[in-house]
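Colleague: Using the hints provided, position chain F relative to the given structure of chain S.
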Amino acid sequence: KIICLCRMSVGFIGAGQLAHALVRGFTAAGVIATHRITASSPDTDLPTVQGLRKLGVNFTTSNKETVDKSDVLFLAVKPHIIPFVLDEIGPNIEDRHLIVSCAAGVTISSIEKKLRQYRTAPKVMRCMTNTPVVVREGATVYATGTHAEVEDGKLLEQLMASVGYCTEVEEDLIDAVTGLSGSGPAYAFTAVDALADGGVKMGLPRRLAVRLGAQALLGAARMLLDSEQHPGQLKDNVCSPGGATIHALHVMESGGFRSLLINAVEASCVRTRELQFLADQEKISPAAIKKTTLDKVLQQPGVTAEGVGVKPRGISMFSSPRTKKK
Amino acid sequence: MSVGFIGAGQLAHALVKGFTAAGVIATHRITASSPDTDLPTVSGLRKMGVNMTTSNKETVNKSDVLFLAVKPHIIPFVLDEIGPDIEDRHLIVSCAAGVTINSIEKKLLQYRSSPKVMRCMTNTPVVVREGATVYATGTHAEVEDGKLLEQLMASVGFCTEVEEDLIDAVTGLSGSGPAYAFTALDALADGGVKMGLPRRLAVRLGAQALLGAAKMLLDSEQHPGQLKDNVCSPGGATIHALHVLESGGFRSLLINAVEASCIRTRELQFLADQERISPAAIKKTTLDKVLQQPGVTVSGVANGSGKSGLSLFNNRSPGIKKN
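Protein sequence lines, in the order shown, are assigned to chains S and F.
Sequential numbering from 1 applies to the first sequence in our numbering.
Sequential numbering from 327 applies to the second sequence in our numbering.
Here chain S stands alone, though its shape is the one from the complex (with noise of 0.2 Å):
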């Protein structure tokens, strides 16, 4: 069953590069048209506010409006600002809002216990994508949230599958998940300058070392997509005997090059991990947030600063001292 996204309103709190990157693929794959989606940002600034009003989206300085426009709310601030956000907007969250936070490392459980001051079953989900997002090449798993029912979690992954492949998954896997795609086309772009450099080296021009290098990523990516195959088996039949390609793999073995991979996909997994401990343990230094992103915060209409949970000494993250906002 197909559910219609023609009468939906989408909303992005945040409208830095994960909002830009998700509309873009969004508008390319037409599954919502953007006079339906809102982006909120006190920052005017940044590359892709622009970016994002040029695709006619409503942008606007008010993360209100974005709530109040919107059905799917994307929360695609850095995870930091993820509690000063819930708590400017927790009073406008109605019972159709879907909320959906792409912050590394934030749990389910932090959001609906921040959102619980407001409403009593807030619809939470939780997402990690990644910026191919933007050429619909996207990987996307979620997880989702007590109150979220089977056709928010079906909806999302409607609107996700548009932009890449998406699946659900149980939350405790989100973190090797932001080790693996969330990072994953940091180590794509490094060895594509690599192999571009090694290309050079051997007296192709630069343009061209790049365009090869990078199709025969794809290629071989797309290959083990479409296949059953194992990609040892893969990778087996493209090593003829004696011939260049088996020499070229044992010089990358000799150097540990799967270890290496193994190791960035674990310490990205492990910094993920540590970011949402330091979250849940409730008390940041307000040097560790950074100032002129709070001072914006703090100039919004209607924000005050015990309204978003600012003490004097230590930031509480997720507990907030008071129940009604001023």
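A few of these clues could be false.
Said to hold, decoys possible - Sample of chain F residues at the chain S side, in silico, Cβ under 8 Å:
#	residue
1	A352
2	T353
3	V453
4	T497
5	N556
Said to hold, decoys possible - DEER-style ranges, computed between Cβ atoms:
#	chain 1	residue 1	chain 2	residue 2	range
6	S	Q50	F	T353	49 to 59 Å
7	F	S573	S	S227	25 to 35 Å
8	S	R7	F	S369	22 to 32 Å
9	F	G575	S	D226	27 to 37 Å
10	F	K520	S	A29	32 to 42 Å
11	F	F596	S	L225	34 to 44 Å
To be verified - Computed, partial: chain F to chain S, Cβ under 8 Å:
#	residue
12	G375
13	I427
14	G518
If you are wondering where the hints come from, they were derived from the structure by calculation, not from laboratory data.
Keep in mind it's a predicted model, so treat the numbers as computed, not measured.
Backbone N, C-alpha and C define an ideal beta-carbon position, used for all residues, glycine too.
Modeller: Below, chain F alone, put in the same frame as chain S:
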């Protein structure tokens, strides 16, 4: 236009799958030949509707564009065998790593005054129409021949013309490149599994992440380093991961790989050009099968009796002896 493949192995199979998926040529216009009918790719080709034969001559007669899709050391045997059957219309496209246009033309000039030869280096993702192909044009090939080949190969991925001297480097980069990617994907999946993901999901996410990143790069004017910067937020998970990659010399390993593959390609080319390879270096079974073909004699494939080596590109007898 009809297309023929001398050789019915991985490369022929991948190209045919790609061409037919692209709809650029009908399978009944494709012929492929191989002495070895047991190859799994042979039944794959048959199933696709390709005309299969054990006779290379039949392939030549039925084709306009002729792909040489055999291993490099087999090329000279094939050229001697089909040389007499080449007509003016034929465009010979060699896909063999390290085999120069010059060596092919030299062989064929014994049979025709202006053999049209081209050389290409492609890779296996042509099978999913995401190949990377470069080609170089021989002495007697026309501009239209280049355009024709480019049209064919562009239907199955990226294709561009290059000077022949770049082809070994391309072999090291995009020829061998898929193997580097499969190895990386295996390792990334291991990383995911180590951190708790089920294997299938880990393989899927790893492949999707690489595919998406490569597509972003191809669609963007930006430097890969800039794209990398864009996904590394301050103090975040990704920059931590990148640090461990750099600490281990990740980039250097990939440069080494491209270099090693390129050097080995040049080495194989040098050995071939030396024009002497011991019979033991040629897989004996392959030689036997080639010799079993109708019309092929021992002297015809330049294996002078009593001589200790095989002369690959130096045909001592002025003409092939036919039975």
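Colleague: Now tell me, hint by hint, if it's right for this structure.
Modeller: Against the structure, the hints:
1. Interface hint at F:A352: violated, since its Cβ lies 23 Å from the closest Cβ of chain S, which is beyond the 8 Å cut-off.
2. Annotation: F:T353 was flagged as interfacial toward chain S, and the flag is violated, the nearest CB pair being 20 Å apart, outside 8 Å.
3. Hint status for F:V453 relative to chain S: holds, with the closest Cβ pair at about 7 Å, below 8 Å.
4. At a threshold of 8 Å, the smallest CB-CB gap from F:T497 to chain S is about 6 Å, leaving the interface hint in force.
5. At a threshold of 8 Å, the smallest CB-CB gap from F:N556 to chain S is about 6 Å, leaving the interface hint in force.
6. Checked against the given bound of 49 to 59 Å, the beta carbons of S:Q50 and F:T353, roughly 51 Å apart, stay inside it.
7. At about 33 Å, the CB distance of F:S573 to S:S227 agrees with the hint of 25 to 35 Å.
8. Here the CB-CB span from S:R7 to F:S369 is close to 52 Å, at odds with the stated 22 to 32 Å.
9. In this structure the supplied range 27 to 37 Å holds for F:G575 paired with S:D226, their Cβ-Cβ distance being about 32 Å.
10. The beta-carbon spacing between F:K520 and S:A29, approximately 34 Å, falls within the hinted interval of 32 to 42 Å.
11. The hinted range of 34 to 44 Å is satisfied by F:F596 and S:L225, whose Cβ atoms lie roughly 38 Å apart.
12. Here the hint on F:G375 is broken, as its CB sits about 21 Å from the closest CB of chain S, past 8 Å.
13. Given hint, F:I427 at the interface with chain S, is violated; its Cβ is 17 Å from that chain's nearest Cβ, farther than 8 Å.
14. About 4 Å separates the beta-carbon of F:G518 from the nearest beta-carbon of chain S, less than 8 Å, and the hint is met.
Checked against the numbered hints listed earlier, the structure breaks hints 1, 2, 8, 12 and 13; every other hint is satisfied.
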